[in-house]
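K.L.:
Chain by chain, the residues run as shown.
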Amino acid sequence: MQTLEEYIETHQEGFYRLAFTYVKNRDAAMDVVQNAVVHALTHADSLRRAEYMRTWFTRILINESLQYLRKNRRFLPADFYPDDFACEDRDIAQKLDIYRAVGRLKPKLRTVVILRFFEDMQLNEISAVTGVNLSTVKTRLYKALSELKAEISEESLPGQPDRLHILDRKGE
Amino acid sequence: MKLKDAKSVYESVKVPENLESRVKKTLLEYGGKTVRKKHMALRWAVCAAASVCVVFIASVNALPVFAHELYDIPVIGSMARIFTLNRFEEADETAYIHVEIPALSDTGNDELERRVNYEIALQIDSVVDAAKERAREYYEAFIATGGKKEEFHPFEIGVDYEVKCNNGKWVSFVITEYETHASFYSEAYYYNIDLETGKELTLANLLGEDYIEIVNKAVREGIAAREAEDPDAVFFHDELGFKTIGADQSFYINENGNPVAVFEKYDIAPGYMGAVEFEIPISPAD
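Chains as they are written, first to last, in numbering that gives the first Met the number 0: chain W, 0 to 171; chain H, 0 to 285.
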């Protein structure tokens with residue numbers, strides 16, 4: 000069974016990306032990861048079962064991210080800098096638009112989208128991470144997708160209604 | 000344009016180079032207290048004679064067994080022998096288990112052999128049961144959170160042993176349990192037996208009553224020597240660092256007949272150092 004230390008060591012880059020998607024700034028994301036690691040290590044006794052390590056740690060990481068956002072709102076950038084992405088892809092501009100739109104969602108909605116689509120979590124895992132029940136998760140996901148759809152559609156050219164297939168993902 | 004395309008953007012977020020060193024530093028500063036203790040000095044139950052052997056054989060064979068053979072391979076050609084009494088494999092959707100059970104024989108001391116072999120069987124039984132339970136819980140959590148049965152990678156659980164010393168006077172061997180899943184985890188049980196007295200050997204028996212001081216000195220010197228010769232060798236030096244051994248310090252006896260103190264992963268050094276060992280030469284005066 001993986002220990003907490005090993006889990007942190009092997010997943011630190013993922014932690015950074017998740018935190019970065021909230022705070023949109025390198026140094027801030029580093030601070031968030033560090034705060035989350037310290038919190039996890041000093042509260043390790045609240046992790047009752049090692050198999051829930053991911054859920055437990057993700058919850059800590061998101062809480063630290065949101066707390067950081069609240070405290071430092073004025074000092075944080077409103078949007079992402081393209082330099083922070085390693086994508087060489089030609090379509091990066093378009094893809095970045097969607098990613099940016101996710102970054103503009105309200106924190107509660109943003110969390111659900113990040114966990115579902117970027118972290119590939121199941122809805123019941125998201126429910127465990129966020130501490131809200133399954134139907135609330137579904138509601139938030141639906142709301143988030145509608146907002147994204149509306150926002151991206153506004154930006155897209157008229158006459159191309161098929162440009163966004165946000166809801167085409169199979170599953171729940 | 001799909002939302003999953005945005006995932007490639009998410010995954011392309013550049014991770015600063017100094018993230019790793021910062022996390023490592025944080026782990027060193029705050030970690031180490033949360034790891035469950037992995038070494039246990041073995042205490043022999045004072046258990047009585049003949050019937051226990053029957054219990055032992057029954058408990059081993061009660062496990063569903065695919066391959067079940069009695070191996071009798073001498074390990075070292077001196078008087079006492081450690082041999083593989085039983086070997087079995089077992090597999091289900093949660094785990095693949097491979098166990099080798101050693102036994103002590105030809106010591107000329109039947110009572111000692113019964114006692115040791117019974118203790119070994121009990122230990123392996125409980126260790127394997129606990130490992131199976133962990134695999135089962137993990138599997139159930141995986142399914143409960145929407146995982147598919149066919150996507151589950153079974154745990155690999157193994158129990159193996161190694162004879163460290165068998166010089167006619169002493170027998171020292173280690174039984175290791177390991178679990179491999181997302182990561183590797185292992186636990187070691189040390190058996191050090193004085194064949195003349197039929198008792199468990201202690202560091203005090205080997206090194207005299209000043210054994211704590213002697214071992215501490217050897218460990219401190221060993222840490223300093225290793226850090227001096229290898230820049231990658233790092234030991235904790237703050238409050239997590241080595242201070243002193245306790246009465247239950249894990250050790251085995253190597254082929255030179257010297258005790259070797261073993262510190263499990265995380266005990267006195269960061270995780271990547273693994274378990275660390277220090278040989279303590281028995282001075283000729285002893």
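Possibly wrong hints are sitting among the right ones.
Taking lysine to aspartate or glutamate pairs in the DMTMM-like style, the calculated list, with each CA pair at most 25 Å apart, reads [unchecked claim]:
1. H:K198 <-> H:E132
2. H:K163 <-> H:E132
3. H:K6 <-> W:D44
4. W:K23 <-> H:E10
5. W:K107 <-> H:E28
6. H:K216 <-> H:E132
7. H:K242 <-> H:E155
8. H:K3 <-> W:D82
9. W:K107 <-> W:E118
10. H:K3 <-> W:D44
11. H:K3 <-> W:D83
12. H:K242 <-> H:E278
13. H:K23 <-> W:D78
14. H:K6 <-> W:D30
15. H:K1 <-> W:D119
16. H:K13 <-> W:D44
17. H:K13 <-> W:D30
18. H:K168 <-> W:E12
19. H:K168 <-> H:E278
20. H:K147 <-> H:D124
21. H:K23 <-> W:E150
22. H:K163 <-> H:E28
23. W:K105 <-> W:D83
24. H:K13 <-> W:E8
25. H:K23 <-> H:E278
26. W:K105 <-> W:D44
27. W:K142 <-> H:E10
28. H:K147 <-> W:D83
29. H:K242 <-> H:D4
30. W:K148 <-> H:E139
31. W:K70 <-> W:D119
Rather than coming from a laboratory, the hints here were simulated on the basis of the structure.
K.L.:
Against each hint, give a clear statement of whether it holds in the structure.
P.N.:
Hints and how they fare:
no.	hint	result
1	H:K198 <-> H:E132	violated (33 Å)
2	H:K163 <-> H:E132	violated (30 Å)
3	H:K6 <-> W:D44	violated (33 Å)
4	W:K23 <-> H:E10	holds (14 Å)
5	W:K107 <-> H:E28	violated (32 Å)
6	H:K216 <-> H:E132	violated (41 Å)
7	H:K242 <-> H:E155	violated (35 Å)
8	H:K3 <-> W:D82	holds (21 Å)
9	W:K107 <-> W:E118	holds (16 Å)
10	H:K3 <-> W:D44	violated (36 Å)
11	H:K3 <-> W:D83	holds (19 Å)
12	H:K242 <-> H:E278	holds (17 Å)
13	H:K23 <-> W:D78	violated (29 Å)
14	H:K6 <-> W:D30	holds (23 Å)
15	H:K1 <-> W:D119	holds (15 Å)
16	H:K13 <-> W:D44	violated (32 Å)
17	H:K13 <-> W:D30	holds (16 Å)
18	H:K168 <-> W:E12	violated (53 Å)
19	H:K168 <-> H:E278	holds (19 Å)
20	H:K147 <-> H:D124	violated (30 Å)
21	H:K23 <-> W:E150	violated (41 Å)
22	H:K163 <-> H:E28	violated (35 Å)
23	W:K105 <-> W:D83	holds (22 Å)
24	H:K13 <-> W:E8	holds (17 Å)
25	H:K23 <-> H:E278	violated (29 Å)
26	W:K105 <-> W:D44	violated (32 Å)
27	W:K142 <-> H:E10	holds (24 Å)
28	H:K147 <-> W:D83	violated (35 Å)
29	H:K242 <-> H:D4	violated (53 Å)
30	W:K148 <-> H:E139	violated (37 Å)
31	W:K70 <-> W:D119	violated (29 Å)
In summary, the numbered hints that this structure violates are 1, 2, 3, 5, 6, 7, 10, 13, 16, 18, 20, 21, 22, 25, 26, 28, 29, 30, 31.
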